[in-house]
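J.: One-letter residues, chain by chain:
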Amino acid sequence: MTEPSDGATAWEAVFRRSYPSVYRALVAVLLDTELAADALQEAFAEGLRRPPASDHALAGWLFRVALRRARRIRGFGLPLRLDEVVGALREPEISAETDALLDRLQAGELLRLLTRRQRAVVVAHYYLGLTQQEIADALGVRRGTVGATLSQALQHMRRGGTHVI
Amino acid sequence: MSSDLRDLIRNDLDRIPLPPDERWTMRRARRRGFIGVGVAAIVIALVVAASLGGGQALQALRDRIESDRASGGVVAPGDDYVYVSDGGPSPLGTPTQGLQTIAMPGGQSVGRLIADTYVGTAYEGGLMGIRGDRAFLPVAMSAAGDDYDTYLQEVDLSRGLGLRRISLGSAPAPRALQAELPGTPVFPAATAVSSDGTSVWLVRDTFDHGRTTVVDRFDAQTLSPLAHVILSSSGSGAVRSRAIALGPDRLAVVRYHYESMNLVAADWYFLDAQLRVIASYADDNAHRLPASGACAADVEASPANAEWLVLCSDPSLFSDGALLFLDSSSFTITASVSLPREQGFALGMSVAVDNTVYVLTGRPVVARIDPRTHRTIDARPVIQARSWLDQLIPAVVGAKSPGGPSAAFSPDGRYAYLAGPPDQWWGSLATIDMREAKVVAHTSAFGAIGAVGLSPGGERLYALATDRTGARRIVLLAPDTLRSVAQSQPIANEPSGIFAVRTQTQTPKQAAAGRGTAGPQPTPHRFAAGSPGAPDERHPGTHRWSGG
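Protein chains in written order, with the numbering used here: chain C, 1 to 165; chain H, 166 to 713.
All clues given are correct.
Away from chain H, derived, C-beta distances all over 12 Å, residues of chain C:
1) Pro-52
2) Ser-54
3) Ala-136
4) Asp-137
5) Val-141
6) Arg-143
Chain H side only, calculated, beta carbon under 10 Å to chain C, not exhaustive:
7) Arg-171
8) Ile-174
9) Asn-176
10) Asp-177
11) Leu-178
12) Asp-179
13) Arg-180
14) Ile-181
15) Pro-184
16) Asp-186
17) Arg-188
18) Trp-189
19) Met-191
So the derived list for chain C, only partly shown, Cβ under 7 Å to chain H, looks like this:
20) Glu-12
21) Tyr-19
22) Arg-24
23) Val-27
24) Ala-37
25) Gln-106
26) Tyr-127
27) Gln-155
28) His-156
Please keep in mind that the hints were generated in silico from the structure rather than gathered at the bench. Glycine included, each C-beta is placed from N, C-alpha and C at the ideal position.
Input sequences plus hints: build the corresponding full structure.
T.: So this is what it looks like as structure tokens:
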């Protein structure tokens, strides 16, 4: 992607360009501003060690790596399986700061109706503009699962939200 | 809608404040330090736990050996008929789905009824309500043009016999419904038989996207129509219905609403003997049962009061589930016990001999509910073994759809048998002690398990297993140890589910000769092995129903 001599600088530059959108997407998915910042910072570090193959779909790459890092942070860095178990058990808490932030957003009410996977799919699709295939690659699921999850999320928002969507 | 949502999300999320620039790429010590301490603490805890658990593991091993010696994996291989549904909902004009009879423990396929016999799929679950030894299968045979001749095929499950085939007239293929919900059979119908065997109910989804459901009740002996009603709804999506017999003369009709192939809601109607609506929970979520009506069809009678137990759980865990208690006369909700969504999706329930109701969820958790007080006694995570470590970190089992074919409960309500793909940590088959909330046996020795079924007394467990070569067999297992006792030959036509298990009351040879036929039934016939079902002219007892 970049020349070895100025690789780190170039990587930081492209990272900073994508940071705002990916950070906001992560806040919407994780419902935790601190976790979003930490996870994205770790994705930056990951990019320093092993840069993505190209700048194309960089937001998707950062989103994917940061979500994995977030899961690991939540799971205390335990191996993958235990990560999932512990992470799942710790899922429901939303910090007061994030809660207040979501209260100020119309979309916050809708996003809180969804599971984390549903939020990830909705945000990746409608905010980051990823295709269903890119979301499938990012989340490690099949494309059909993305479509079904998106459909279920819309159903939930339609039923639970007070907004006309 | 999508563009509005996109705009709303974009505008709103763009208002989320960003952290200071310097924090974007700066590693924060606090979190890392916290994690480091956390990891160190957990490693220490694991070492301590493993040390402590080691002794208990040895004890558990000794107990297990002792237990195995006591049980010896011995199960008396009784003579059962295992009915498997095979094929798939047929492509138009080519009936492929069938009901196949496997005689166990010999393991031979002794008959197959085909002709687009619809007995449920993994997608929709089993749609037949089977109680007793008689089943009535909706059957469609291609007729002229786009029409199909439809029948009800009566089956004597204990003898492996097809009995009467009752003509229901011809009907066009439900093109709109099939387009909306791929896999829908050409005869989208379901049946139920009353607990005393005197009545048969038939529900048919007709007209535009199945939104008009025709319900008929027939006398099971004379096959004369007794009552008839039509339930309909408007709106979008497709509707598939099923019937649930509630005692001798009450019926629940559940109309599942699908949109974009997703189950979005279910309407419940409770009908009396004349098919008058006693109570309904339908039309919108304000009036539906909990979880948008997503309640299991395995409705149970309360062991304590004149009530029915209905288990509701939202598959996406958007809302809490509930165990409902419905008055058996008015079908009003007399009590509701909440099942928090944090416990996971409700896989099913059983009623223990001490009248406790056990609900098994996908977390997994066993919730114990007292049907007398309508209160939760406790909810305990299911553990796999006896070590202390297992209690620290509850194991996770795979989920299934509500009341689907991949779980069975022992008649005494004590044990649950869960089936699944072989990559689950617990293997593809597990026995869970509901009282102790513990996995007592699990295995993946038989490959993927598509369905499980118990002999009527619960002594023998049958699993539909698919090995690595794709061959499908029925495996007879000891329910407590999951040791294999016998298995069938590979079964043709890709069976997908276990329809029913019944103890044989007649040998195939006797059955073929038609001896011992009880009651005023017409001449029975064996299913034709591998050949299409015979036309109704072969059955002197064939009646043409005028109902519906």
